[in-house]
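*Asks:* Chains as they are written, first to last, in our numbering: chain V, 1 to 245; chain H, 1 to 483; chain A, 1 to 416.
Cross-link-like lysine to aspartate or glutamate pairs, in silico, EDC-like; alpha carbons within 16 Å at most:
#, chain 1, residue 1, chain 2, residue 2
1, V, 107, A, 379
2, H, 401, A, 345
3, H, 354, A, 334
4, A, 49, H, 411
5, H, 73, A, 46
6, H, 427, A, 350
7, H, 388, H, 420
8, A, 207, A, 398
9, H, 427, A, 345
10, H, 401, A, 315
11, H, 348, H, 420
12, A, 352, H, 430
13, H, 401, A, 350
14, H, 427, A, 322
15, A, 280, A, 45
16, A, 218, A, 243
17, A, 320, H, 430
18, A, 381, V, 88
19, H, 73, A, 345
20, V, 111, V, 162
21, A, 116, A, 24
22, A, 58, A, 191
23, A, 352, A, 288
24, A, 19, A, 132
25, H, 359, H, 457
26, H, 73, A, 45
27, A, 377, V, 51
28, A, 209, A, 237
29, H, 388, A, 363
30, V, 63, V, 3
31, A, 377, V, 73
32, V, 222, V, 15
33, A, 38, A, 120
34, H, 383, A, 334
35, A, 352, H, 422
36, A, 317, A, 350
With beta-carbon atoms standing in for the labels, derived distance ranges:
#, chain 1, residue 1, chain 2, residue 2, range
37, V, 138, A, 21, 52 to 62 Å
38, A, 72, V, 122, 50 to 60 Å
39, A, 317, H, 392, 27 to 37 Å
40, A, 398, H, 176, 53 to 63 Å
Source of the hints: derived by calculation from the structure; they are not laboratory data. It should be emphasised that the depicted structure is a prediction, and the values quoted were computed from it without experimental measurement. We put the CB at the ideal spot given by N, CA and C, even for glycine.
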Amino acid sequence: MIDIKNLRASVDDKEILKGLNLKIGKGEVHAIMGPNGSGKSTLSYVLSGKEGYNVSGEIQFNKKNLLELNAEERAREGIFLAFQYPIEIPGVFTNNFLRTSLNSVRKANGKVELNAIDFLKIIKEKAKELNIGEEMLLRPLNVGFSGGEKKRNEILQMSLLEPSFVVMDETDSGLDIDALKIVSNGVNSLRDPERSFLIITHYQRLLNYIKPDFVHVLSEGKIVKTGDWKLALDLEDQGYGQFIN
Amino acid sequence: MSNGQEFIKNYKQGSDYAHGFVTDIETIDVPKGLSKEVVHFISKQKKEPQWMLNWRLKAFDRLQSMKEPDWQKPKYPKINYQDLYYYSAPKSLTDQPKSLDDIDPEIRKTYEKLGIPLLEQKKLAGIAVDAVFDSVSVATTFKDKLNEIGVIFCSISEATREHPELVQKYLGSVIPMSDHFFATLNSAVFTDGSFVYIPPGVRCPMELSTYFRINASNTGQFERTLIIADKGSYVSYLEGCTAPMRDENQLHAANVELVALDDAEIKYSTVQNWYPGDKEGNGGIYNFVTKRGACRGKNSKISWTQVETGSAITWKYPSCILQGDNSQGEFYSVAITNNYQKADTGTKMIHLGKNTRSKIISKGISAGHADNTYRGLVSIHPKATGAKNYTQCDSLLVGNKCGAHTIPYIENKNSTSEIEHEATTSKISDDQLFYCRQRGLNQEESVSLIVNGFCKEVLQQLPMEFAVEAQKLVGISLEGSVG
Amino acid sequence: MENYNEIKINFEKFITTFKTDVNDLEFRKKSFANFISKGFPVSRDENWKYSPLVQDLKKFSQLNYKKSGANILPNALMENFEHYSIIFADGVLILTDSNDAGLVIKKNNSFLKSVKKAGENPILNLNNAFADQGYLIEVSSNISLTKPIVIYNYYSKNFLSNFCSSKNFILLNEKSNVVVYEKTIYDSSIEYLITSNTEIFLAKGSKLKKYDLNCNNKHSTIFNFVKANLDENSELEYFTFSENINSCRDESIINLNGKNCFADVNAIQLLSNNCDHEIKLQINHNEEHTRSSQFVKSALYDSANAIFQGKIFVDSKAQKTDGYQLSKALLLSDNVKFFAKPELEIYADDVKCSHGSSSGSVDEESIFYLRSRGISKEDAKMMMINGFLGEVIEKITEDKFKNIFFKKLSHNYNDD
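Isolated chain V, as found in the complex:
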């Protein structure tokens, strides 16, 4: 599905990713764990096409060179980033935004765009599954949403856009245990042999709910160790100290 080779990224001459290699197959769930400043968020931004990074290396995604695509083209190809801090956009209403987004992706994939009524049907159903009240859809995007609401809104978008590769950036941060369960259930219900996940997290907590097939340790811009989910437990016990020089 995705093949990352020797990925380097820098901002203002400061190198953050220093030759990262990672291969994720169809339907696999990978977790990347690492201490603060190891480059976790940068990886998520570089994968989703945020501007402002100086990037080199290779990212093959379904036989395409991802680095040649801009943010929206990647989204239309099926890459989805669940943001650590979903952005608040005053004046832009959530349901309007969701429909514009869904129709952009559908159009790019040769599907019919949904009219307001069909869209409403779909979105209401999905919102219900995630315990999202309809009134939330009528509010400006993420404005005044609680931390939990914002994260649920991210999962709602994920289930709506049906991406093939999901990057989750510290989705567990700022969630209490109940919200964490709702979000994890949402993610688990979207697990599919055709869909892969990259879960970026500092703590092992989230991985109790979403069990990864592989766990990688990111340190100073490189993957320094790879294992199965037991590696996450080790890290919880012993910390990242063993990987930092």
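Go by the hints and put chains H and A onto chain V.
*Replies:* What follows is chains H and A alone, placed relative to chain V:
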């Protein structure tokens, strides 16, 4: 405790102005009035080179066709410029004292009363002081020690003689001679003030400070200060001001110019406590000051901090011209007006270079019948790509006979820049007062505590020794305003 | 000093032909004398700093007040909802007086006593001298009109005059309610100066909602002056939408004179090309327990200039004042300029007053968020701008008009 305490200590006993005494000494004065002869006289007294005299005369000529500005909020009775003395110096200083110990004992006592010992053995540790008495600098401490590392700290008069190349290059380069009426007046008749030069790469190891004292009556004080921070240098400078209590209003029209070259930083702090006039609004200093800094080099920084508690009228806008790419300007201000005091103060941040940054934090407190205005300009020019400004102006009113005003001018001519401005007005709430008093503070202690909290962000910017005393001054300035 | 001889001759000609009572005539002459003594405003005058009119008024050393043109509003421009209409066609008021269950709308050429004060404002003086057209709306006590009043200002292709002035009155008696929608349509292609003055009086407990749409003016120079006086418990909701206005100053003074009155003033400036639009707004809190809110947003393209000067004044007796002001501007191309002077002048201590102003470009983080959801860069930007301006439209309390303005906004973007 720190020596800085001494510096600002004893400002007031009760709510009376503690620095209102007059020093009885013989002085040399010029005849009243403004004329070419007076300009010649001042220049001669200062033993200035010819070029300096020519410069003054040019300013004098320009002045003839200029008018006093009148757009400010506080109005004042017309000043008769022919009825002022433009020079007053203690006679004992006609021949420069050879060492600090030679200073006239009367003047020495004055500074001791003000908490500024000038004698070598009593000097303030870690602070070099230039003491200006009316029109002349009477002493500069720690000169030799600073000389060793190449720092020049002396009176501006001495600098025109000893370092003409620096003075000629930079004087009037930030505040053009004919910038406006008071700047031009100052250029013609400036008397004394400090000169600072920090050589490349030097971090000045001590606070430099000037202490201004107006003593003679009917005398205008026209101080001129010039600070140059060469590449990669750093200096922190502090000025303090007091004057005797007199019934008439006295004019203080200073020009202060700062120049920061590449990677240099200047921190300029002011604690202004000129005589504010009595409770009925009689007398007090007109503090009409032009202060401007040029961040000429890349990555340079100029930071103004002012605590303005004195003067009948304060009218000043310490500004930054951000020419160098990535340069930074800051303005932190507390202005307190009580009784009939008036203040119209703020800053100008002129963004010319790329990625320039500025920050303005202004706290105005108005009590009694006073009027307090923040006036400021943030101007982002078309080439200042990526410039950013943040401004926060807060006003606090104590009673309903005073005024608090905010007049910001915002000019944004670059689409990649960002300007944020916020302003609030509030009062000391009864709940806050009650809470403090329930915990055992009296009314005045409570007010002082709350107002200090309100000003905290600014007071924190002062060098530590002075911050403590400035806090006391804030409380004292408002005495009698609540209750 | 500029030469105002031509204007003087115009004025002499005007007052000899214009029918008016003696007192009004004196006031017109006095106003004109005041105008002549100061002339057109200069940028040195603090009140006119930044104003586009300072430059543009120089084109009008001659004021031709001659009436001309079609004097008719094409049917296609009429709103299709039920309403009372007031039509200015090429500067001429077309109006059949109506006297309908508590509503009076009539032509009015005379001044109300209370406005006859010799002013400082040079262009208002000019308006006082020359205003020859005007309506008067009066709503009786306890009447809530179900239909809105629509005022059309239409300048046709046949309009030949270079000057027209109107003075209008809106009077709401106690506990009355009305919605007034004013739209201006420019079809003319000559340069002309429009001055209009609307005086609003809101008696106890009355409520006026006024929505103005002013767009696509390429040639004229406009001075709109609105003055409102609010009594106890009255409310003014005032929204203006200014789009692509060549050269205009919208000036308002709102006096909060009675306890518990409230002024809610909102505005949008959406400008491109060389448009130059100024909002000058002063809210005077003259009595205790009064509230005001100002919310202004500007989106600027090409070489447009926007100016916002908003002031909250609080008198020493106006304790418990609640005054709020926010202005935000989006700078969307390299050559735009935004000037703001958000001012507070406060003489009472027990008040809650604040203002905020920000200007900058569209937030890049937000754009990335939208793009990461498959929305193109252009669409994302458009959505952001739309949402940015839409927040002001959200404040409109009449759904019908909220929709009209939202439609106006989306229409604008579809055109791009």
